[in-house]
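Guided by the hints, dock chain F onto chain D, whose structure is given.
Number of protein chains: 2
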Amino acid sequence: MLHLKFSDGLIPVIVQDAQSKDVLMMAWANEEAVRLTRESGFAHYFSRSRKKLWKKGEESGHFQKVLRILTDCDEDCLVYEVEQTGAACHTGYRSCFYRTLDGTVVDTKVFDPEQVYGKKGH
Amino acid sequence: MLHLKFSDGLIPVIVQDAQSKDVLMMAWANEEAVRLTRESGFAHYFSRSRKKLWKKGEESGHFQKVLRILTDCDEDCLVYEVEQTGAACHTGYRSCFYRTLDGTVVDTKVFDPEQVYGKKGH
Chain D
2 MLHLKFSDGL IPVIVQDAQS KDVLMMAWAN EEAVRLTRES GFAHYFSRSR KKLWKKGEES
62 GHFQKVLRIL TDCDEDCLVY EVEQTGAACH TGYRSCFYRT LDGTVVDTKV FDPEQVYGKK
122 GH
Chain F
2 MLHLKFSDGL IPVIVQDAQS KDVLMMAWAN EEAVRLTRES GFAHYFSRSR KKLWKKGEES
62 GHFQKVLRIL TDCDEDCLVY EVEQTGAACH TGYRSCFYRT LDGTVVDTKV FDPEQVYGKK
122 GH
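Residue numbers (the numbering used here), protein chains in the order written: chain D, 2 to 123; chain F, 2 to 123.
Please note that a few of the clues may not be correct.
Each pair may be met inside one copy or between any two copies, as identical chains are not told apart.
With a cut-off of at most 27 Å between alpha-carbon atoms, the simulated DSSO-like pairs for lysine-lysine come out as follows [as the list claims (entries may be wrong)]:
| # | residue 1 | residue 2 |
| --- | --- | --- |
| 1 | Lys22 | Lys56 |
| 2 | Lys110 | Lys6 |
| 3 | Lys110 | Lys22 |
| 4 | Lys6 | Lys52 |
| 5 | Lys66 | Lys22 |
| 6 | Lys6 | Lys56 |
| 7 | Lys66 | Lys53 |
| 8 | Lys110 | Lys66 |
| 9 | Lys52 | Lys66 |
| 10 | Lys66 | Lys56 |
| 11 | Lys66 | Lys6 |
Hints listed in this document are in silico derivations from the structure and should not be mistaken for laboratory results.
This is chain D alone, in the form it adopts within the complex:
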């Protein structure tokens, strides 16, 4: 087992669709989130804004089954290779990276956020 480096208790996680290899999102994990991800097989993160652990899909049902976790040469960043239920992005796009820098949309909307999250948004 490698010794991961957490910075202020957190490590960045790149989330990649195991099949399409699209980058779906980027989030942060603390040690407990990594442990819960390994134990449960489902992606857990730590929300910096809400300052709490969360399981992807707990509200939307859009869980991420984690097939493999990779780490980088410095052991300070992770890749979760996942099977994504529904979509990764709360906007309804499959990937959070659905736009180029000029705002051009390059991904497809797969759900209506109002129906999934209700009118309050996420």
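Using the frame of chain D, we list chain F on its own:
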């Protein structure tokens, strides 16, 4: 043009091979690094440890030609889709994410770091 959000002047950049779609590395950019990347078409970053701008490949020759830049829903993370010369990782592996959490190597070494960087390492 979207308005990117920098945190302490920096934005995380996920680097993805445009052809294989492998995640090659993760690095940080400041506003100048993003500007230089867009202007030159080659990946630039900001080193947090050396506190300076750097162009990927400036020492190794392993440049990254940036074909497209994507941003996420929050506009606080980027993906550089690149054509990688040589390898992304200073260890000689094509991707920095060459190991699973238990240390199993899942990538292929494509160069000898001593020959590219000399004995001092990087």
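Broken hints, numbered, in rising order? No numbers; nothing is violated.
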